[in-house]
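Let chain A serve as the given structure and place chain B on it in line with the hints.
2 protein chains.
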Amino acid sequence: MESKKITIIGAGLIGSLLAIYLKRHGHKVAVFERRPDLRKAKISAGKSINLALSDRGWRPLKDVGLEEELLKMIIPMKGRLMHDMKGNLTFQPYGKEGQAINSISRGGLNALLMNRAEEMGVKFHFNHKCLDVNFDHNLVELEEKGNTFQVDSDLIFGTDGAFSAVRASMQKTDRFTYSQTYIPHGYKELVIPAAPSGDFAIEKNALHIWPRGGYMLIALPNLDGSFTVTLFLPFEEAKHSFENLNTDEKVVAFFKEAFPDALEFMPTLLSDFNAHPASSLVTVKSYPWVQNKTMILGDAAHAVVPFYGQGMNCGFEDCYELNKLIEINGDDWDTTFRQFSTSRPENTNAIADLAVENFVEMRDKVGDESFLLRKKIEAHLNDLYPDMWIPQYSMVTFNPDMGYAEAMKIGKLQKKIMDEVMSVPDVTENWQNLDFEMIMGDLKELLKKP
Amino acid sequence: MESKKITIIGAGLIGSLLAIYLKRHGHKVAVFERRPDLRKAKISAGKSINLALSDRGWRPLKDVGLEEELLKMIIPMKGRLMHDMKGNLTFQPYGKEGQAINSISRGGLNALLMNRAEEMGVKFHFNHKCLDVNFDHNLVELEEKGNTFQVDSDLIFGTDGAFSAVRASMQKTDRFTYSQTYIPHGYKELVIPAAPSGDFAIEKNALHIWPRGGYMLIALPNLDGSFTVTLFLPFEEAKHSFENLNTDEKVVAFFKEAFPDALEFMPTLLSDFNAHPASSLVTVKSYPWVQNKTMILGDAAHAVVPFYGQGMNCGFEDCYELNKLIEINGDDWDTTFRQFSTSRPENTNAIADLAVENFVEMRDKVGDESFLLRKKIEAHLNDLYPDMWIPQYSMVTFNPDMGYAEAMKIGKLQKKIMDEVMSVPDVTENWQNLDFEMIMGDLKELLKKP
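Going down the list, the sequences are from chains A and B.
Throughout, the numbering used here is defined as the position within the first sequence, counted from one, plus 641.
Throughout, the numbering used here is defined as the position within the second sequence, counted from one, plus 641.
Misleading hints may appear alongside valid ones.
Note that the list lumps identical chains together, so a pair holds whenever it fits in one copy or between two copies.
Said to hold, decoys possible - Here are the simulated lysine-lysine pairs, DSS-like style, with alpha carbons at most 30 Å apart:
#1 Lys934 <-> Lys880
#2 Lys646 <-> Lys764
#3 Lys1057 <-> Lys1016
#4 Lys719 <-> Lys645
#5 Lys934 <-> Lys829
#6 Lys813 <-> Lys880
#7 Lys719 <-> Lys703
#8 Lys813 <-> Lys770
#9 Lys926 <-> Lys1050
#10 Lys786 <-> Lys703
#11 Lys926 <-> Lys703
#12 Lys1057 <-> Lys1090
#13 Lys813 <-> Lys934
#14 Lys829 <-> Lys813
#15 Lys645 <-> Lys703
#16 Lys1090 <-> Lys1050
#17 Lys764 <-> Lys669
#18 Lys845 <-> Lys934
In case anyone wonders, no lab produced these hints; they're calculated from the structure.
So that you can see chain A by itself, here it is in the shape it has in the complex (with noise of 0.2 Å):
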């Protein structure tokens, strides 16, 4: 493959792992990043302290030959723990015996993937702030302490996050077409420091959630024996919301009333709480994504809410197919760049919408009984057809071989079907004894319909 010079803006995750897949293939990378290097300096890598990594973002680290190290990294959660009003806890499995997802802490999964890129010849370049993007000549305009200068390229990519400067760039051209939507809700950090002992104050391999219908906390493993802890809450027009917790009294008896059993491993609430700033959550959707030889992907292209644990995960495979169409139409990039941007997108915009769909699930249906009933009873259909009938979440978390789109327009054929199965009038009592195969033949049926 002819060797290209490539310039990378925004060196996350996805931008690390699109310069490992570039650099792989012979090309000249740089990478120039806004922040100070997080290896180096004390820094929040944004957003979330961890993330959940699952099967489709661990396809392609796998692929560029991270596997080994990334087992060190991480902690399996095989389920969602739930936690009631009363503190009582209620399991649900993720998928099948031996499937789980990972909490892993981002910052150090960005180091993992920025050192591969440095060793294998990757140019970084921090504290260096895109201003602009000239895409009818490739350059890209930075500014590094207070200085402006440009660097010229083949090709660019903009990975550089939901608030995106090579998108911003992209958005002065006609016929962008772009949306971002927020959600009522914002989002808070909080802490369940290890044990005296070490050890993991609450179940270490699960995911916890306490659903409370118009908010929730979750709570998810790091390796150092704590849990990251998030409250999703109303920014405002709620009785519960972060506009409303505005003293230390108030945010003490909302964790009594509505947290009591997280509260009691939460002795940092009250700083942690007026430490950290109320964040607010965005779906970024935008087409086209690429202007002549410039390309945005992940998060710049399609910022999700993080409700289906998939942001980083489809970025990952946003590099992953990527690759594959690099690998087909070698040094012909105009092919690779149109194919990418009009199929891609399909994929990308369902993630996106049923991240927004799963936040209701997660806040409230998860501590509903019927929800419950609905959950065991996909589980039992899956075990009779393992390969036809897959619940969504599985399809979207464990198997990459199919999209999101697919596994959307599926997963909502599936919900019509149950919708019916859930108002048998003595389906709770009753439900070993539904006709399974009819239920079956149900989706296939539909599934037939163009």
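Just chain B now, with coordinates in the frame of chain A:
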């Protein structure tokens, strides 16, 4: 009412009408406009040359005392006159006897509004470009002839159109939900000049449509006997597209094939086609419209595609609705701003969606016999039940007391019922024997549901 210092950004149709309304309440009103004064310079007023003024726009113009002047400026269009490929004509009235939409010059109407505003004491400043708005301190940063300066105000209104600078400043604030969505079609303005006698070359009192499925041509009359003709065509990726019409021969061949009876009256087709750009068509939605003491309205807040003829009318209705709130709330501007920006978007989102839907109807279905029968049956229902079955087009165009959202909701229910009616096997021959009372009863039933 306490007199306020008010700054309006944008002296287009909406800004000029808003200035009149605000001046009427005794405020000090200054309007800053990026372009030169269109009353003095020979410039395009932006976008289309003529527009269809209907009841929602007429009401506020009458409200501010401009009806007499308006009557001299309009050409009523009583319905759609469809031209088929062979030049056969079909007329479809827009409403009842006496109802019409009105072709009017954008520039002429804008000048009328600016003149009236100036007479009342509004100050207009042309060639002033808005660079930024500081919402916390109510400061607008402006540029004139290379000099930048700031204007402070009690209240700021952004009526600077689909590519609003005021909205661009709002986009930099957190949690600003925003979308810009382009359709695959563009438009190009052409001309049918007046006949040598000075008469109209084709029927004067109609909106002419050449519906051709994937594209269409329309023509609206001007006072001087000419028609402004607009070609709507995909930019690319279609047999007939702007991309493919890249030689004079192809343009002429295309018109000969698709619009032969229009071509005959278009002696300047090629020079017009080559002189005018193909412009894009965008829908803009945004929320919230208010930041502190600054509000956006009109296209700046909610641009729509032109296929329901409601962009200007909707913007004028913004002014009318806002003025109603000002009269209720008096000096309590915070309440006026909050109420307007929470209640109005439901209606502007509805007309945005209806306008996109109506494009399919205009370019495709209006040439269809089954569609014309459907319209005939609906017109008959309207004759029988004039207050209860009002066609959606009439609700939107001739019933300003009903909001766009309500019109869309009722229209969807009517469509559901009419889909069933149109599936009656012998409906074409025997539509007059339909049980109209039952059909009306079905709509009443549907309307009762929440």
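Checked hints:
For the identical chains of this complex, Lys934 and Lys880 are inter-copy neighbours only, at 27 Å across copies versus 50 Å inside a copy, given an alpha-carbon limit of 30 Å. In this assembly of identical chains, Lys646 and Lys764 lie within 30 Å of each other by CA distance solely inside one copy; the values are 12 Å within and 55 Å between copies. Within a single copy, Lys1057 and Lys1016 get their C-alpha atoms as close as 14 Å, which meets the 30 Å cut-off; across copies the closest is 34 Å, which misses it. With identical chains, the CA atoms of Lys719 and Lys645 are never at most 30 Å apart, being 43 Å at best within one copy and 62 Å at best between copies.
Proximity of Lys934 to Lys829 under the C-alpha cut-off of 30 Å is restricted to the inter-copy arrangement: shortest distance 29 Å between copies versus 38 Å within a copy. Proximity of Lys813 to Lys880 under the C-alpha cut-off of 30 Å is restricted to the inter-copy arrangement: shortest distance 28 Å between copies versus 41 Å within a copy. For the homomeric pair Lys719 and Lys703, the shortest alpha-carbon distance inside one copy (20 Å) is at most 30 Å, but the shortest distance between copies (68 Å) is not. Taking the closest pair of Cα atoms, Lys813 and Lys770 come within 30 Å of each other both inside a single copy (18 Å) and across two copies (17 Å).
For a Cα distance limit of 30 Å, the shortest separation of Lys926 from Lys1050 qualifies both inside one copy, at 19 Å, and across copies, at 27 Å. Taking the closest pair of Cα atoms, Lys786 and Lys703 never come within 30 Å of each other, the shortest separation being 37 Å inside a single copy and 58 Å across copies. For the identical chains of this complex, Lys926 and Lys703 are intra-copy neighbours only, at 28 Å inside a copy versus 42 Å across copies, given an alpha-carbon limit of 30 Å. In this assembly of identical chains, the alpha carbons of Lys1057 and Lys1090 lie at most 30 Å apart whether taken from the same copy (14 Å) or from different copies (22 Å).
For the identical chains of this complex, Lys813 and Lys934 are neighbours both inside a copy (16 Å) and across copies (27 Å), given an alpha-carbon limit of 30 Å. Only between protomers do Lys829 and Lys813 lie at most 30 Å apart by alpha-carbon distance; the minimum there is 21 Å, versus 33 Å within a single protomer. Taking identical chains as interchangeable, the C-alpha atoms of Lys645 and Lys703 lie at most 30 Å apart only when both belong to the same chain, with a minimum of 25 Å there against 65 Å between chains. In this assembly of identical chains, Lys1090 and Lys1050 lie within 30 Å of each other by CA distance both inside one copy and across copies; the values are 12 Å within and 29 Å between.
In this homomeric assembly, Lys764 and Lys669 come within 30 Å of each other (Cα to Cα) only inside a single copy, at 9 Å, whereas the closest approach across copies is 58 Å. With identical chains, the CA atoms of Lys845 and Lys934 are never at most 30 Å apart, being 46 Å at best within one copy and 50 Å at best between copies.
This entry does not satisfy hints 4, 10, 18, going by the numbered hints stated previously.
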